[in-house]
Amino acid sequence: MGLATYLCDEAGPAYKPNESLEKSLEKLVALPLTDVLYVRLDWRDMQSRPGRLDPCEHWKIAFDLARQYGKRIGFRIQLMSPVIKPQSMPDFLLDKVPLYELGTTDEVGKNLPGKVHYAPQYNHPAFMAALQEMDGLLADAYDGSAQVEFMDTYMYGFWGEGHTWPFEDRNPFPDYATGAATFNRIFDMQSAHWNKTPLATNTQPDYNRVGNAELVDRTIRSHNWLRTDTIFIENMQIESLSNRPPWVAGFVENALSDGTAQNLGVSEGVTRNDNIIAHARDVGPNYFSLWNWHKIQAERLMSYYDRYPDAIDELSTRIGYRVRPSWIWAFEKDGSPGLVLGLANDGVAGVPGALRISIKSERGQTLSEGSLDPGYPLPGKVRQALFNLPRGTTLEGLRMYAQIEVKGVRHPVNWACHQKTEKDGALVVRRNI
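For what it's worth, the numbering used here labels the leading residue of the sequence shown as 1, then goes sequentially.
Check before you lean on any hint, since a few could be wrong.
Restraint ranges, calculated between C-beta atoms of paired labels, are given here [to be verified]:
(1) R430 / K333: 33 to 41 Å
(2) D91 / T178: 20 to 28 Å
(3) N18 / G342: 55 to 63 Å
Simulated from the structure, these hints should not be mistaken for lab results.
The model shown is predicted, which means the values in this text are computed figures rather than measured ones.
Backbone N, C-alpha and C define an ideal beta-carbon position, used for all residues, glycine too.
Generate coordinates for the entire structure from the input sequences, incorporating the hints supplied.
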């Protein structure tokens, strides 16, 4: 969880004149603000021939740097994007999969006036077979990897994936049923391949009538996660994110300005970036993007942060879940001791999975353990958990560990408490009143 620094978007990776790609990416990875990294690529960046993956250079550099700096990566593989020429899908599919012309637009970006926008026929057998193969290869390499935080769900997107704005009434399918069935089939395929790594589904409304609402519902029911590519534009997305179940993580993406005078957007003393951050905080996110849209560069992020650090700093201390035992009560029953923990959450979001607590002896023997209901403790609330311990256990010096279990995989959790924890993450029980 935390602040997600973008290394690459649909316009390409970070770039600075007269600087190597590796150096530009490393400066982003090394930012103290960075908790998680995010990479957005096109299918053709991952595969140039059937039967194997051959990732682009910035994908490989990103994973090498993430390993070096101890940070995890979330990513999206786009099946369609208006910024890519000739298409997001690899060349070996271009003469096999028909393209549907959505129309001509100036709305994609300042550098793409008069863009003729095409969508692939997603339900074409050649497209579906190749996608299943590529996604399977990708999952074989990265599902459950300690380096991967999440993967975005493949979708037909109004924003983000596809960027089909402003063609809200058009799609490459003959009818709604075909479009919805196609993307439900793709979701089934992706869910089967990625059974350890969370999938993040966009909450964008179903303007294009391809079944997006059903994908959001299925995402929640399968304990996967949600994301948005805008915090301002559609009220339906705010409703979905704000009222998601507490065990579902939420990712808020919104481009930030670089702090130059023409991009500050000050209103009543508040910059546009700080306004974005305040609205993001209101929906209780687990992740928030640090991203200069189509102009990714560490210096651009820092040029704003160096002058206006407060909103970003405040969000960085509250984003996601921040769990601590606010109370530790000791008791004895039938001659055996026990502990009751009153677990508090100082973050703005629920726990995106099940919080698991282990109580161990000073020698590392597990004495008692168990999990809370998924999502708990809730922000600003206390959830109690009782642990019975073996007869004769000395309470002082016991070591408490926390993990989060997501899709059957457990990850260590750092206690968000005043008391200093041990190097292995343990919180040592001691009497303080």
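**Study point:** Hint numbers not upheld by this structure, sorted from lowest to highest
**Key:** Hint 1 contradicted; others consistent.
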